[in-house]
Amino acid sequence: MMRQLMKAMCLSSVAVFAAGAASANEELARLQKDAKQWVMPAGDFANTRFSTLKQITAENVGKLQVAWTFSTGVLRGHEGNPLVIGDMMYLHTAFPNIVYALDLKNENKIAWKYEPKQDPNVIPVMCCDTVNRGVAYADGKIFLHQADTTVVALDAKSGKVVWSVKNGDPGKGETGTSAPHVFKDKVIIGISGGEFGVRGSVTAYDIKDGKRVWRGYSMGPDSDVLIDPAKTTHLGKPVGPTSGTNTWQGEQWKIGGGTTWGWYSFDPEANLMYYGTGNPSTWNPKQRPGDNRWSMTIFARDVDTGMTKWVYQMTPHDEWDYDGVNEMILSDQTIGGQPRKLLTHFDRNGLGYTLDRITGELLVAEKYDPKVNWTSGVDMNKNSPTYGRPAVLKEASTDQAGEDVNVKNICPAALGTKDEQPAAYSPETQLFYVPTNHVCMDYEPFRVRYTAGQPYVGATLSMYPPQGETHMGNFIAWDGKTGKIVWSNKEQFSVWSGALATSGGVVFYGTLEGYLKAVDAKTGKELYKFKTPSGIIGNVMTYEQGGKQYVAILSGVGGWAGIGLAAGLTDPTAGLGAVGGYAALSNYTALGGSLTVFSLP
Amino acid sequence: MLVRISCVLAIALALAAEVGFAQADGSGDPAAASQEDGKYLDKDGNPTYKIQADGTVDWYTYSGYRRYHSECHVCHGPDGEGSTYAPALKNSLKTMNYGDFLGVVASGRKNVSSSQESVMPAFGSNQNVACYMDDLFVYLRARANDALGRVRPAKREAKPEAYTKAEDTCIGKE
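These protein sequence lines map, in sequence, to chains Y and B.
Take the first sequence: its position 472, counting from 1, is numbered 472 in our numbering, and each next residue is one higher.
If you want our numbering, it's the 1-based position in the second sequence plus 1000.
It is possible that some hints are incorrect.
Below, simulated DSSO-like cross-link-like pairs (lysine-lysine); rule was C-alpha separation at most 27 angstroms, straight line [claimed, not checked]: (1) B/Lys1110 with Y/Lys117; (2) B/Lys1159 with Y/Lys408; (3) Y/Lys105 with Y/Lys63; (4) Y/Lys286 with B/Lys1159; (5) Y/Lys408 with B/Lys1155; (6) Y/Lys382 with Y/Lys231; (7) Y/Lys490 with Y/Lys408.
Just so you know, these hints were derived from the structure itself, not from any lab.
So here's chain B without its partners, still in its complex pose (with noise of 0.2 angstroms):
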């Protein structure tokens, strides 16, 4: 008896787990539902990624994976991997849904105490980042499903038009 309930249990778990990774993160299931000028959407209109059994990563994976690696992983570490001083994005995604990681990257936020002093500056100003949200988004979401391995895309969709559109208007034409 007792080995059947733990046997039960054990089963359960198995599929608790693997239900839980199918909608892992914070935004909910990461599957893409839709698509509008090569920006995926999952059925909740969030943003996220999708990649090919080929390796092919959508434009904004891509993208995300080259804007972390100037703007945030000087503290946040290689890969969303966490430093000696910030953590780990990849995991935060686990649980920070869309709306608040916009949120933080815009307005910043503090944890200062006397064991910890960790700051994290708003970044609304700065276009570099501001206009790539859901690049960053949609590849630390990738990261944090383990959808994509601490790799430089090798392969990618090609850039959308209407995202080089509003790239331009974004940041600017020089």
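Okay, chain Y solo, but in the shape it has when bound (with noise of 0.2 angstroms):
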């Protein structure tokens, strides 16, 4: 009777906490379904950045006019985007993180603002810039993720907080700087610091009340990464025991970097979430023999326990800084008459990869930069003993050169030919929009040691445009499903904006100079170009408020971007033979975040 009774009651607490969960996955769910608001950081679950609101359209974009302005008050680089839901608009700022609310019903007026206390130590320990990309909102909450690692739940309509927890330490050069991302009853929250010997992991939050519930690493014994040794697999085979470890020398995969700070995606259906992890530290590859499981990989988790279904490793044993961070988009499409769930993913290595987001399988792995020169491409045959492993090419390996050696020429830089600025997926022309970097570098990797909270590097980089070429930078349109460039526009500086893709059928994004662009969705052709006070490192969303449609782009420049770009990459009067092309960012744009909202007349 007794056990009986126990057992009914633990089904009813299960029960109760099973339908807790529904409800705020449900109002999510429902509110990312809903083209008039912008809920979550890219927008919808499957990170796609796309909006079927299509009263601005390739034919009346020309006419596109500023409707309002605010000046969020910070000066460094501003990357991310507002969300809107219902009809309040929450902006974040750079450190030192900013929280407003602002009332879009009533003049865009501040309904409140939050601003956080935080040591200003934690300035310097952020590598590239005090960026923050974001806030999330679920259960009446918005959720930040501060510079210092404390995550906090705000109430959506006071701003009051609701509650807050340290997910990090900056005294060892841990620091945050990516959106939560809400997926059920559960805030994720990743961690930026790769240049400083920080083990990676994503930490699940209760949004409830901030009760840590599950986290895994990116490296380390099985029980930290969270991998079933006979279940999780590695392209269809199971990754075996202490895979977290046996890559690595010694006990080196306790400073193994494979940070988290990019954009998450979840498919609801198979209960999944989806992100990338960074760079191995340190730099120089030779103190780090091995292929550094799991940095550089593509993590497919469970959302309820965290636990690892898949991984795939797109870089073993990184030799150039080319982090796997960067955002996993999900979409259905039919590849070879099969209709098949997909995940895209355009890597800072410079390949675009498509798989199977339900089994991991590796579909296509292809150049979305054709100066990318370290690899002659990635083994497709699932009988060779190096299937899914990317070909070095001896001329682009800092390893094989070894420390103290200068290797030129490599591309793309370590910037990536795309590094976290988000790209767009449009179902309706089936085809991705992606920011790139077209950079190239000179790579010598040496000696270091590691001391906590201090950058640990170990590699000289210089970086310049490609050999003949006058621009840094392209905007492209991706077919995901066969690995191949739609069309490709030449951009000065790298693209360093998240794009939009609208039913309108056009696709918005930002540009370094600071310009909102608009093309047409099907060519690329330009449409419509407005000047922004700064540089735009910060990602294009659109809303609908009182019946009209809206695009909004934070501008502020700033990031990593910011480093070389703003002083220009190489001396102009170096005789490169380039006209214009090698110019400094700082030519044409100054410091300053603010936000420029758009709308027809």
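Work from the hints to combine the two standalone chains into their complex.
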């Protein structure tokens, strides 16, 4: 009797819990389908950055004009985009990570403002500027992931703190730059600090109270990585025991890198979330022999348990800082007459991958910039012992050249053919719209020592445009089924802005000079441009308010683009023969965070 | 009369500029006056660069180039040119002297106000930086005086034996 009662109680508590989870999930699942709102960083769980709004079309976008603007009051680089939930816009800034709630129905007035108090000592621990990639929403709360790794839930109506937890330790170089992602009843938080010997992880917190539910590391013992050696697969085969430590020397995995600061996606049907892990620490490959699993890896994890269903390591034993953190975009398309559930990913290493997102089967791996020269391609032969591995060309191997040797003309540069700036996918054209970098580098690794909380880099880099070229970026349309570029627009600087695709047949993106551009989704033809107050490293989003479609973009130059490009990658007087192409970004734009919102007259 | 005055003034200004160029940086005249085990020193005993007519640089300038582009360029931009969030060190060294440079690198500095949040971390405990302070200084001093362009030094003097010994002691041999 007692046992039965216990059983009944257990069952009912499970049921109650499940109902709570379902309601949070259902609200968000419903909201992400409402094109009038933009309720999560990429607009939807699938990370498509696609909107069915079509008031603004290829025919009328030329008439676009500025509807309103807003200064964030912060100068540093502004990545990410605001959210719109109901009549409220939620806007974040770079450090100090202010959040503004703007009342769209009431002259865009500041309904509330939240400014966390953070120790400024976190600033220099952040590689590459003090960016923040935005907030998330669920269950009446706005989630902010601060630079100092504090995760805070704010009441969406009042801005009051509901709960707060600390995800990492900036004293060890652990910082927060990525947006939180809410899947079901959990908010998933990544970590930055790959240049500080941080061991990457993703952590799930309960959206109700901030209680930690699970944490999965990128490397380490199976119980840390949340791997089942018999069930977790890599290219269809079980990974076997200790896969997160047995490709590292000694205990190097403890400072192994593999940080997790990209944009995550979620397939509610499969209950799987997808993300990529970053570079192994240090940048000197000689100091960390082995494949360094599971850095540079696509992870598919069960959202409820964190358990890893499958992994795919794109760049085993990285020699160039080709982080694998870029977004995973989910689509359903037909390949070879078969409808497939796909995952498409544009990696820093210059390869565009398409995989079966349920099984992790590799379907396509092709260069999305023809200049990519470190590999001759990925072995697609399932029976080959090197199946799924990229063939590294000797001329580009900084490991084979060894320490203290400067390897020249490697494409892409460490910035990658694409960095975090997210691509968009239109199910209507079945094309991906990809902002890219077009930059090469010299890379010389050397010996470094690890000190907690200090940079742990170990390579000297110099970056420049590909030989004989005068532009440093492209905006391309990509067919993920075949791995082919459909069209490509040259841009003078790297395109460091997230794209937006719409049912109006228009694709939007920003440029480092500060232009918001609209192009024809089918042809890439430029239809509109407007120069915003500062260079754009933010992502374009759209929403509808009072029957009108708006397009919004955060300006505020900075980020990694602000390092090299600000001063110009190379000496414009060095006689490289190019006119204008190597000019410094500082000739075009200056600092300053601001939001520009467009609409038709 | 007026013309003559302005001419004199112009010549004086030109002369001043020339003189200024010869002793352009925060540590005084960068000309190498002496040498100890491959390290060049100016007349005041501050480390300095030595770049020969054929472009051959001293070891410290070369080593500083490498260390700078590992440890410093992530914030301070390529070739000491600065970024959107950290100053151009090739300019900083025009007014900052050797002692102050060592102090800031070792202890860091904060410049946080409502309009900017510049924070330089303390590198005193980071061997990858602390063991190479002179290298970094010498490289940036060469950049500050335009003695070295935005290039990787092509030719260099050999790594001095005493340097190798000191480096091994400082950073530790693995």
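Hints, one by one, checked against the model:
| no. | hint | in the structure |
| --- | --- | --- |
| 1 | B/Lys1110 with Y/Lys117 | 16 angstroms, holds |
| 2 | B/Lys1159 with Y/Lys408 | 22 angstroms, holds |
| 3 | Y/Lys105 with Y/Lys63 | 24 angstroms, holds |
| 4 | Y/Lys286 with B/Lys1159 | 21 angstroms, holds |
| 5 | Y/Lys408 with B/Lys1155 | 16 angstroms, holds |
| 6 | Y/Lys382 with Y/Lys231 | 19 angstroms, holds |
| 7 | Y/Lys490 with Y/Lys408 | 24 angstroms, holds |
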